[in-house]
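First to last, the sequence lines map onto chains A and B. If you use the working numbering, the first sequence corresponds to residues 138 to 861, in order. If you use the working numbering, the second sequence corresponds to residues 7 to 200, in order.
Worth flagging that the hints you see were computed from the coordinates, not collected in a lab. All residues carry an ideal CB built from backbone N, CA and C; glycine is no exception. Hints may be right or wrong, so weigh each one.
Straight-line distance between alpha carbons at most 30 Å, and here's what the computed DSBU-like set of lysine-lysine pairs gives [what the hints assert, rightly or not]:
| # | chain 1 | residue 1 | chain 2 | residue 2 |
| --- | --- | --- | --- | --- |
| 1 | B | 82 | A | 643 |
| 2 | B | 72 | A | 643 |
| 3 | A | 322 | A | 206 |
| 4 | B | 33 | A | 210 |
| 5 | A | 645 | B | 33 |
| 6 | A | 640 | B | 168 |
| 7 | A | 206 | B | 82 |
| 8 | B | 63 | A | 265 |
| 9 | A | 206 | B | 63 |
| 10 | B | 60 | A | 206 |
| 11 | B | 72 | A | 640 |
Over the 12 Å line for every Cβ pair with chain A, so calculated as not near, a few chain B residues [to be verified]:
| # | residue |
| --- | --- |
| 12 | 173 |
| 13 | 177 |
| 14 | 180 |
| 15 | 181 |
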Amino acid sequence: MKSFVKKILFCAIIFIGIIAVLLFKTPLRTETNLMSLVNINSSNHWPVNQISEKFSSIMNIVIESTDEKTAKKTANTIIRDLNTDSFDCLHVQSNNFSLKSLTGDFVAHNGYLLSDYHKKLLHNDDTKTIADIAIKQISESMVPQLFSVSNDPFLLLSDFLISMQKNGTKWTLRDGILWQYVGSKHYFMIPVNTDSLDSEKTSAQINLFHQKLQKIQSDTIKIHISGVPVHTAFMMQQSKIELGFLSVLALIAAMVLNYLLFKRLVSLVPVIFSLFIGFLCGTIALFLCFDAPHILSFVFGTTLIGLGIDYSFHFMTMGCLKKKNAVSKNILISLITTTVCFLPLLFSSIPLLQQISIFTIIGLISIYFALKLFLPTNLKLKTKDIKCKFVVSKKYKFIFIVILGLVSILTLPFVRIENNMNQMYQPNEKILQEDMFFQKLNQSEQSSILLVRGKSIQEILETEEDIKAANFDFLSVSSIIPSIRNQIENHKLIQKLYDQESKYIKRKLGLRNLPKLADTKPMSINSIESEFINDWLNKLIIRDDDYIYSISQIGSNISALPENASIVSPSDILTQRMKKWTFETYNLLFICAICLVCLLGLIYRKRAIKYLLPSMLGILLTISILTWFNQPITFFHLLSFFIVIGLSLDYTIFHINAHDSKEMRPVLFSFLTSFIGFGLLGFTSFFLIKSMGITLCLGLGTSYLISLYLFGTQKLNSAVHIRK
Amino acid sequence: MKKFLAILTILFSTTCLAQQITNEMPKKLKQFVDNLETVSANFTQIKILPESTKQFKSFGYVKFVKGTGFTWHQTKPSETVFTSTLKTYCVNGEDKQLNELPYFNQIQQMIDSMLNGDISDFLFAFNVDYFDDKNGWHLVATPRLSALTDFIQNLTVYGTTKNLDKIIITYADGTIIILQFTRSSKDFSDEIVC
């Protein structure tokens with residue numbers, strides 16, 4: 138096929154890809170939420186992701202002062218500010234506690250609602266006690282009853298409403314704002330719901346609001362802000378600054394190295410062109426294969442940068458070399474080995490690994506073809522020779538390799554594997570202190586999350602009531618709306634109370650009319666009109682395609698739960714999932730090594746192991762060094778090892794197969810570019826990026842040096858000897 | 007005509023006497039607040055329910071200590087001790103979390119502020135008409151805030167420069183509470199703690 142036709146075909150494939158993405162995948166969606174990546178729902182069929190999102194989208198603002206009035210005034214100012222358009226991603230949780238609206242909702246069902254206390258008395262036929270307590274309360278209390286005597290002569294509704302209000306926390310509502318008094322200080326809390334946690338806009342608004350709060354603070358007023366959104370916002374801001382700065386440094390380094398290699402600025406063009414094509418094709422493939430690829434796929438797809446630069450350097454220097462075909466063959470072998478290295482990831486059950494695999498493989502193949510087809514063949518960029526001054530003599534090479542291997546293997550028993558995401562995150566000291574302060578203030582006995590599911594709300598309510606009957610009472614949806622089964626039972630008991638005690642209470646209170654049980658209907662979720670209760674229910678109920686779920690926070694664990702109930706802990710499930718992922722990635726690394734041995738065996742026969750050893754020793758040494766510095770090995774470290782293998786195999790192939798010392802220089806400069814670029818990432822404060830940066834830096838550094846000094850330059854050395 | 011003039015005069019004079027409190031506390035009221043330090047008084051509570059033909063009477067005593075709070079000790083027909091410190095409330099020694107009822111908290115806060123000479127909270131929550139009487143003063147407070155209007159129609163307070171004589175609370179459901187106080191010379195021993 139003619140070169141021109143090939144070029145047209147290449148461009149046509151990219152063009153069709155772009156059109157396909159635009160036609161079928163717009164608007165383009167990328168996933169940025171780490172939790173969505175983990176998708177912990179699938180393992181246990183409980184919507185743990187949604188719960189986790191629900192709980193982690195709340196930011197808490199606490200105003201502290203010895204003067205209640207000032208604190209409340211500040212709280213109101215903050216609420217007013219939050220309700221402005223400037224903070225449209227932040228929503229103050231409704232505490233619109235209007236007793237009148239509540240009473241309206243409950244009066245309509247007053248023959249069906251009973252507190253546990255009254256229910257027990259009625260079950261024991263102790264109707265007199267209920268009547269006497271009501272008479273005393275109605276005739277003596279200075280504070281009026283919540284409901285009129287005709288609507289609630291036995292104070293059944295009042296007691297139900299008061300028992301419902303016990304929310305199990307130390308916070309109580311004071312004029313619509315959560316309040317508590319501890320150690321001579323008043324605390325007002327404003328819970329704020331945030332829009333999508335990872336949105337840049339939300340984070341920007343949180344940071345802006347944080348700054349605003351700092352200004353409001355004074356000697357008498359202290360403002361605390363805590364919650365997952367604060368961490369995310371801080372992290373995003375920090376990462377943005379750090380990555381922006383480091384990217385500029387890496388870019389400068391890459392340009393300087395490029396210039397040092399070729400002494401011509403034009404050499405930047407093929408590099409930029411190949412990287413652009415690689416990222417474009419990788420992105421097209423990702424969007425065509427996945428609805429919303431994760432942003433981390435692009436982060437871990439940075440192998441493209443290293444190899445893109447490497448291939449560009451080799452293609453650019455090829456013109457000056459005598460054995461062009463050998464170099465071309467080396468590049469092709471490097472492409473095949475890297476592809477084989479990333480291929481097993483495609484069959485992983487982890488979506489992120491599948492995405493990284495597709496992005497890297499397609500990106501690399503595109504870079505290869507883009508350079509092969511479009512780089513002018515007459516481009517003759519000269520580079521200097523590189524002289525390997527320190528060549529380890531053959532007899533010591535083996536000893537060195539054995540020592541390195543032994544040291545690495547002996548360190549392996551001390552490797553610490555970390556699967557707990559909380560341990561991987563090192564929060565800002567100040568934010569951590571605020572979190573601890575809030576936890577201390579918010580001391581709640583509720584530690585576990587109970588999930589109950591059903592096809593209907595009624596099914597959920599009945600299950601909740603069964604759990605409560607078998608264990609203990611806790612605040613749940615059925616505390617607000619009892620099941621129809623329960624309400625019908627209540628109705629019978631209430632009717633009995635009216636039958637037995639109406640005349641007595643009429644006489645004692647001197648009522649004009651005999652109290653009668655009004656003809657009302659049982660309460661249902663659709664009959665609630667109060668914004669406050671509806672908001673509350675929305676927090677406790679979630680739905681998916683198959684089920685409705687209720688969430689309750691309970692103090693202690695419940696044994697023997699029915700099938701449609703479960704106690705879940707998102708962080709435990711996440712740790713379990715990470716454990717599984719880590720194990721799977723270990724296996725994939727092993728499979729990857731076997732595939733590479735087979736492939737290299739086909740190409741290089743007996744010498745195959747030589748090509749693989751630098752990568753393997755590089756990885757083992759990286760693990761050892763991290764262990765010496767007491768650093769844990771996580772799933773993200775393992776992911777980085779795939780990139781190490783991909784890049785170091787390329788270096789090894791060129792080091793072992795080099796025919797001309799000019800071939801070594803592009804490898805060195807390509808290595809330095811990757812080494813500096815990834816090394817700089819080690820200075821970020823974001824664990825994931827930092828661990829990736831350090832791993833790549835160590836892995837690439839060690840495998841480059843091993844491949845160069847212990848395995849490399851054989852042909853060159855022998856050529857030198859022959860010449861001598 | 008004379009009748010008409012007489013009615014007009016009465017109306018006019020009443021309007022003149024009623025004083026809409028804006029920001030400063032009227033003189034007699036201020037004197038009363040300033041004089042208030044530690045007070046013990048017997049009380050009679052009359053409760054009138056709209057649905058009932060009866061009036062319910064309760065008796066007891068109240069002790070007020072400026073800057074600390076008060077205790078409301080009902081002795082008849084049953085014994086109940088309600089204590090309100092500046093921070094908490096309790097009934098018979100048990101914390102009842104009455105501050106969950108917003109209107110109650112607002113009233114308590116207003117009383118605290120008023121007794122410290124600050125009537126801004128009171129005026130924020132109520133429209134207040136103040137009257138200078140022959141022997142003292144009285145004021146009629148009508149709530150402005152929905153949290154209060156849901157429950158209280160108005161409250162009328164009668165007093166002199168030294169004593170609080172009577173409070174009439176009319177609730178939104180028509181329930182009326184009349185509290186009459188008689189200052190006691192003896193100091194009740196109840197401690198104001200929760």
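Now the hints, each set against the structure:
At roughly 21 Å between alpha-carbon atoms, residue 82(B) and residue 643(A) fall within 30 Å of each other, so this suggested pair holds. As the CA atoms of residue 72(B) and residue 643(A) are separated by approximately 42 Å, the hinted pair breaks the 30 Å bound. The hinted pair formed by residue 322(A) and residue 206(A) meets the criterion: a straight-line CA distance of about 12 Å does not exceed 30 Å. Using a Cα cut-off of 30 Å, the hinted pair residue 33(B) and residue 210(A) holds, with the two alpha carbons roughly 29 Å apart.
A C-alpha spacing of about 45 Å is found between residue 645(A) and residue 33(B), which places the hinted pair above 30 Å, so the restraint is violated. Taken as a hint, the residue 640(A) and residue 168(B) pair is broken in the structure, with Cα atoms around 47 Å apart against an allowance of 30 Å. Of the pairs offered as hints, the one joining residue 206(A) and residue 82(B) is violated, with about 37 Å between alpha carbons and a cut-off of 30 Å exceeded. At most 30 Å may separate the alpha-carbon atoms for a hinted pair to count; residue 63(B) and residue 265(A) meet this at roughly 22 Å.
For the hint linking residue 206(A) to residue 63(B), the alpha-carbon distance of about 36 Å lies beyond 30 Å, and the restraint is violated. Only pairs whose Cα atoms come within 30 Å are accepted, and residue 60(B) paired with residue 206(A) is rejected, the gap being roughly 41 Å. This hinted pair does not check out: residue 72(B) and residue 640(A) have alpha carbons roughly 46 Å apart, beyond 30 Å. The Cβ of residue 173(B) does not lie farther than 12 Å from every Cβ of chain A; its closest approach is about 10 Å, which violates its non-interface assignment.
For residue 177(B), the condition that its CB be more than 12 Å from all CB atoms of chain A is violated, with the nearest at approximately 4 Å. Interface exclusion of residue 180(B) from chain A breaks down, the closest Cβ pair being 8 Å apart, not more than 12 Å. At roughly 5 Å, the least C-beta separation between residue 181(B) and chain A is not larger than 12 Å, which violates its mark as non-interface.
Checked against the numbered hints listed earlier, the structure breaks hints 2, 5, 6, 7, 9, 10, 11, 12, 13, 14 and 15; every other hint is satisfied.
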